[in-house]
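2 protein chains.
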Amino acid sequence: MKKYFIALATLLTVSGSLCLAQTTQPAIIEDFKPSTLNQPGQEYPKVNSQGYARFMVAAPKAQSIKVSLGLGGRGGTTLVKDTGAYWSGTTEGPLDKGFHYYHLTIDGGVFNDPGAMNYYGSVRWESGIEIPAPDQDFYALKDVPHGNVQQILFPSKSTGTSRRAFVYTPPSYYKDQAKKYPVLYLQHGWGEDETAWANQGRANLIMDNLIAEGKIKPFIIVMTYGMTNDIKFGSLGRVDFTTPFQTVLVNELIPYVDTNFRTLSDQPHRAMAGLSMGGMETKIITMANLDKFAYIGLLSGGTFSMDDVNKTPGFKEKVKLAFVSFGSRELGNPRGGFGGGDPKENAEALKKAGINSVFYVSPETAHEFLSWRRSLHEMAPLLFKD
Amino acid sequence: MKKYFIALATLLTVSGSLCLAQTTQPAIIEDFKPSTLNQPGQEYPKVNSQGYARFMVAAPKAQSIKVSLGLGGRGGTTLVKDTGAYWSGTTEGPLDKGFHYYHLTIDGGVFNDPGAMNYYGSVRWESGIEIPAPDQDFYALKDVPHGNVQQILFPSKSTGTSRRAFVYTPPSYYKDQAKKYPVLYLQHGWGEDETAWANQGRANLIMDNLIAEGKIKPFIIVMTYGMTNDIKFGSLGRVDFTTPFQTVLVNELIPYVDTNFRTLSDQPHRAMAGLSMGGMETKIITMANLDKFAYIGLLSGGTFSMDDVNKTPGFKEKVKLAFVSFGSRELGNPRGGFGGGDPKENAEALKKAGINSVFYVSPETAHEFLSWRRSLHEMAPLLFKD
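For the record, the sequence lines run as chains A and B.
Residue numbering for the first sequence is 2 to 387, as defined by the working numbering.
Residue numbering for the second sequence is 2 to 387, as defined by the working numbering.
In short, the hints are calculated from the structure, not lab data.
Here the structure is a predicted model, which is why all the values come from computation and not from measurement.
Hints are supplied without guarantee of correctness; some may be wrong.
Repeated chains share a single entry, so a pair holds when one copy, or any two copies, can fit it.
[As the list claims (entries may be wrong)] Below are the DSS-like pairs computed for lysine-lysine, each with C-alpha atoms no more than 27 Å apart in a straight line: (1) Lys-319 x Lys-293; (2) Lys-180 x Lys-34; (3) Lys-158 x Lys-34; (4) Lys-67 x Lys-352.
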């Protein structure tokens, strides 16, 4: 277990810098538009149709401003000051499509871009920017019936406080007051929190659109904070953060949700999935609680090997789906190390053994949210098929 | 009407700088603790038992850093650099109790404090700080049953998009699936949005606590964005933003809420209240729709005079509560001008005329959120008495 943690921690650190799609850069097309994640009325940051990002920040007396996005390994994008108050600059190449966290380094201090909205990642509220993806339609806000995302505060004896979760209920939830729904417990990654899947993940819009297209049976999604203690990233391999979280999830949150929402509360109607660290947690918690979870998803957060299957009693009978996904740029990472063999080979071995094993690779994305939006979009139609 | 808008705009501008409780300053007690609104793990900003705030920010090569809080009219709090990377400073005097928006000016540019969480005000996500109030218990997160705050996306034909609102449902909402509830529509102020009342207003916790103490009959609160166009503060008196918002609220949101939640949808079970600009909107919209609203609250956002009563057919019969409140420091403002006479005298005149008129003053607060948290706390028990 310890080894597995460290391998993943290595993966995250390395893949975090893979932001650029290519190194030979095309000429920049001047069709920049404000990022869709800008604060109201803010023109910058802007993005163009190729995926370049352009930044502009006012700070008349600053000495230097850098943007953490661009060429991560080489220090991001350096802004240049005009003759007045404004600093500006454009990424050296196109960024990967989808959502990116970033921040400014102003005179050596870390601050957010006042033009952008903020998203919790890297254990801080970071600036966010959105590079339009060719398949952005599946997570767009459309004129379809919308489900709700509601904040619940559930009592947690094990941690001595009220804890927060967000619950997505499908559009039909309020129409038929008798109908009960299956539930997916969906976890964020390290440095993120329970806001991640709805804010940067757009999980609710992905669900609304899939439901409107008739591609899935509606289900509830529950998203809560996956840590009960503040653990530094470098300590992930040495400190057990999953056991206390398992207590919160299994003993406290699930009973609260089953009491306060109209759920189908038996094992065949409960799923768990998570991204990155949340995938690690998902694997550990579901393997220890196969009487409670039937569908399992690891998104950029580990794989299931035949060794896992063999050492987990009941795996073949109880696991109705073993979904594993990665961004394509993660798989190309020679230092990745997926803690238990090649994920694609693993997935194929499980399939041969008669397990409903599905392996998905998000094209041209790294360890970032477009990989996970797409993974949710791929996984959701496979859940609760029985 | 135009005159009324301009008078209030003047009020807001002036009262916004009244942050300091006093000008003769006591010796600083060194019992500083991290503000409860800090980002996870962040030590600064800190506040002490007297209400002083202390800031610390890393920016080794910056030339100057100022905090907008402190002595507003005199330029806030100037931070001083130590021999290393850190800038720090303490407000010249204690701040008013409660919530304050603020930002940093670094080398002439406006940025947020990386230590604090962000709250939407002044048409940007600002840093927030909380000075503990003597009565903070009424808005504290306690071990009581909690209601939910849910994001809804409702279709709006008049604005051609899905619009967002947050809906507070009381803890009992999911227990008895037959029970129906009255609804309060609760509006934010200028430069804020639909997140304000739950985030900085703590409306859900105020309600949870009042319900747990048996002081109110549970009701639903709906909070949505009160503008349909981006209007600069200086144009508030010249541009009609209330009419298009009234269309969204009355023709689109209310029917959506009444369809999708278990509401009591008749006039005696619907209230509207708002703070500052939201109070101005509340007055205009309720006066034009007395067949739909029975309880009305203006929080630092105007008053009801006998002139209003006389020129509004049905006022005496249909208005079950005319609640008006201000922060004490707003009333002392000689340039305030409440657009229609002294609010206390107005309230008394209405009472004499047989109207259920209630006037509340929040002690030692200005045009800020502690005034409005307290106003909600005072007003809620008066709603839906019939």
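What hint numbers does the structure not satisfy?
2, 4
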